[in-house]
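Trainee: Residue numbers (numbering that gives the first Met the number 0), protein chains in the order written: chain A, 0 to 424; chain B, 0 to 424.
Treat each hint with caution, since some may be false.
To be verified - With the Cβ distance kept under 8 Å, some of the chain A side facing chain B (calculated, not the full set): (1) Pro129; (2) Pro183; (3) Phe197; (4) Ala263.
Please keep in mind that the hints were generated in silico from the structure rather than gathered at the bench. No residue lacks a Cβ here, since even glycine has one placed at the ideal position from N, Cα and C.
There are 2 protein chains.
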Amino acid sequence: MIRANDPHLHSWIEIAPESDFPIQNLPFGIFSTPDRDPRVGVAIGEYILDLCVLGRHNFFELIDFDPNVFHRPVLNDFIAMGKPVWRAVRNRVSELLRNNNEEISGDSELIRECLVLQSEATMHMPVKVPNYTDFYSSLEHATNVGTMFRDPETALLPNWKHLPVGYHGRASSIVVSGTPIHRPKGQTKAADQDTPTFGPSQQLDFELEVAFITGKETPLGQSITPYEAEEYIFGLVLFNDWSARDIQTWEYVPLGPFLAKSFASSVSPWVVTLDALEPFRVKGPEQIPKPLPNLEALGNRNYDIHLEVLLQPQHKAASTISHTNFKHMYWSMAQQLAHQSSNGCNIMVGDLYASGTVSGARQEAYGSMLELTWRGTQPLQLPDGSERQFIQDYDTVIMRGHCELNGIRVGFGEVRGQVLPAIQH
Amino acid sequence: MIRANDPHLHSWIEIAPESDFPIQNLPFGIFSTPDRDPRVGVAIGEYILDLCVLGRHNFFELIDFDPNVFHRPVLNDFIAMGKPVWRAVRNRVSELLRNNNEEISGDSELIRECLVLQSEATMHMPVKVPNYTDFYSSLEHATNVGTMFRDPETALLPNWKHLPVGYHGRASSIVVSGTPIHRPKGQTKAADQDTPTFGPSQQLDFELEVAFITGKETPLGQSITPYEAEEYIFGLVLFNDWSARDIQTWEYVPLGPFLAKSFASSVSPWVVTLDALEPFRVKGPEQIPKPLPNLEALGNRNYDIHLEVLLQPQHKAASTISHTNFKHMYWSMAQQLAHQSSNGCNIMVGDLYASGTVSGARQEAYGSMLELTWRGTQPLQLPDGSERQFIQDYDTVIMRGHCELNGIRVGFGEVRGQVLPAIQH
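Start from the sequences, fold in the hints, and give me the full structure.
Mentor: Next up, the structure:
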């Protein structure tokens, strides 16, 4: 059998070399058009392959599942069918799109029916998220934030290298790329004031993250190991964990971030499967001290994903303000999920687990304005001559990510969000 | 019109004076029997009134809704129909159960069809919980915990009296009363050790809480005031926020409780509506400093609910180890929900918002073992001669709650859970 990741594969659909969506990727998402209600599609080049249509034409009849799951407004039901089904569907889609396959390419009417231009489609939240956790797994980010919020001596707290620190976030306010975000209001207290005030946040920030979506349940009370964890991961998305630093500073003790985060988080619409990312596995940073046995994860558990953040002032061009790589994360996704389940907490289909801000070692690789401007003390200079300490109204934040190896680029597309002024209630 | 809360109402069903479920209560829940799949019922005395059956017999035909929403395994669809519908259904049920009404009581076959003994039914999770928040709104509890985890000088952090501190919890592991809980495993570090270890928690605790369930959405970006907030609350349940203190101590900095809580929380099965609690409104404690205008909530915003915790060792009698009252909470539910939405975070139907541990001023009114035994230093003596620092395997924790005024008792029933040994994976 030809593997769906084979770098020698080509599609009968012409795909630009800089596209994030070659035949080796085939991410899943939910799209609609004026004529098609929300349904499951696969990105290929500039197109979306409508899996609903393919199901209706019996292109999946050799796979043991009901292709009506493609006619749903979220991926959850499809994901819940299990890895053998996702994998078989992706392999079958790969086969149908290969340049030597004529099942679709030989039928011009069918091509018109099953291919939709991405530019003519609306993308939706890929999953309904029953539970959302945000980790804090970049050593550089945790050190930077700890230095600013506390002091350099106690920047990294004693537990940090023993377990992947995380907290539960708000699932209701996770939105798909393109959804505008209203600047949050909140209670803040200036260092030189005795009492707090309430109003629009003055320190609105983004956090560059990668999140994984689970595709398999665990029963309450049971745990999984890091070695088992990858079997529970369906795929990955880019994640902007919008943060209000002034609200966070005042509210976060002793129970952690709450309203500083829960006003919105944004995800990219295409879920890149772990299968598609397989060629881009790399070893993570060495972990000293060695994790306890239940968190031990030898082998290549990190993924080499180039990440960048662009900032676009209104009516101006976007410019890159950060670029880093997901491979630097101290704690791997496998360790994060094993940790989440280690107390018996049950994993559900569609859960979203975000990495925490991905920051590299150098300043240009920091994944938040907090770090890039060192809490506003070193404003960013933008090409239009303006400067930023934090995010201003009408700014758009864009995050992109892709892997590249042997001439093959497997990408995530982007997650973008424009900030609108706070709503005056 | 006769009000459903009228203390002079009596039902044609005989109800013991000590029952939590007189005709003035009429809480909603989800039940099943060997012959009836999960569906909506109302508790009345020792019985459950099957609303599915009443809907089929057109007893709700004057109310503008589809009574098929009673044939669902959770209350969410019913709740989503809005307060006018919940209220009209409760009023109609009250009418049908009154001792002067013969629509049901005059038809012995119908009585057999629509009444089920609670002892013969299985109760289920009343709602599917899309989002769960845990507040920290008892002044006494926050002071006690702060004293133990930090020190008496900084027990109450500077933000505590300015906003209802809270954090997001894990929704997946919320279970209904009666579901056994496995002791969680986790990473802990003894004060006299340099490195952490992994194993079953040695400091398993309960937290006595009351939680409210929302019945109305807000759009993302918008906020509600405390005065509007009560319109969004469907009803209340008892809530046991199981906690592993040794895991919590090690993990909770800087992002708050995570695995110390996410292994399980238990709720009572009957949702007591805010309408049924109306006669038990009282003024809350005076708030000094005065909250900022967006959290201001004059009037009677607290509820006078007697609460107690019983501990039952295996094969022994249960004994009361704590009794307190919900009316002492510093921050009201209305303020909690207004705070949650103040940054634009959207509220969803079925969300669960827990109060935080309800502790009174005296030791016997403390709502957790942590406080009752002062972190294990003053073990509880039980009637069977044994003592407890924390919860042992096979112990059952039972929480009860009720209001009482003018001879009318409106109660919650109970939330109970037995602790089983940790699962060895």
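Trainee: With reference to the structure, classify each hint as holding or not holding.
Mentor: Status of each hint after checking the structure:
For the restraint placing A:Pro129 at the interface with chain B, the shortest Cβ-Cβ distance is roughly 6 Å, inside the 8 Å limit, so the hint holds. For A:Pro183, the interface hint holds, the least distance from its beta-carbon to any beta-carbon of chain B being 4 Å, beneath 8 Å. At about 5 Å, the closest approach between the beta carbon of A:Phe197 and any beta carbon in chain B falls short of 8 Å, and the interface hint on this residue holds. A cut of 8 Å between beta carbons decides the hint on A:Ala263: the least distance to chain B is about 7 Å, and the hint holds.
Violated hints for the displayed structure: none, as all numbered hints are satisfied.
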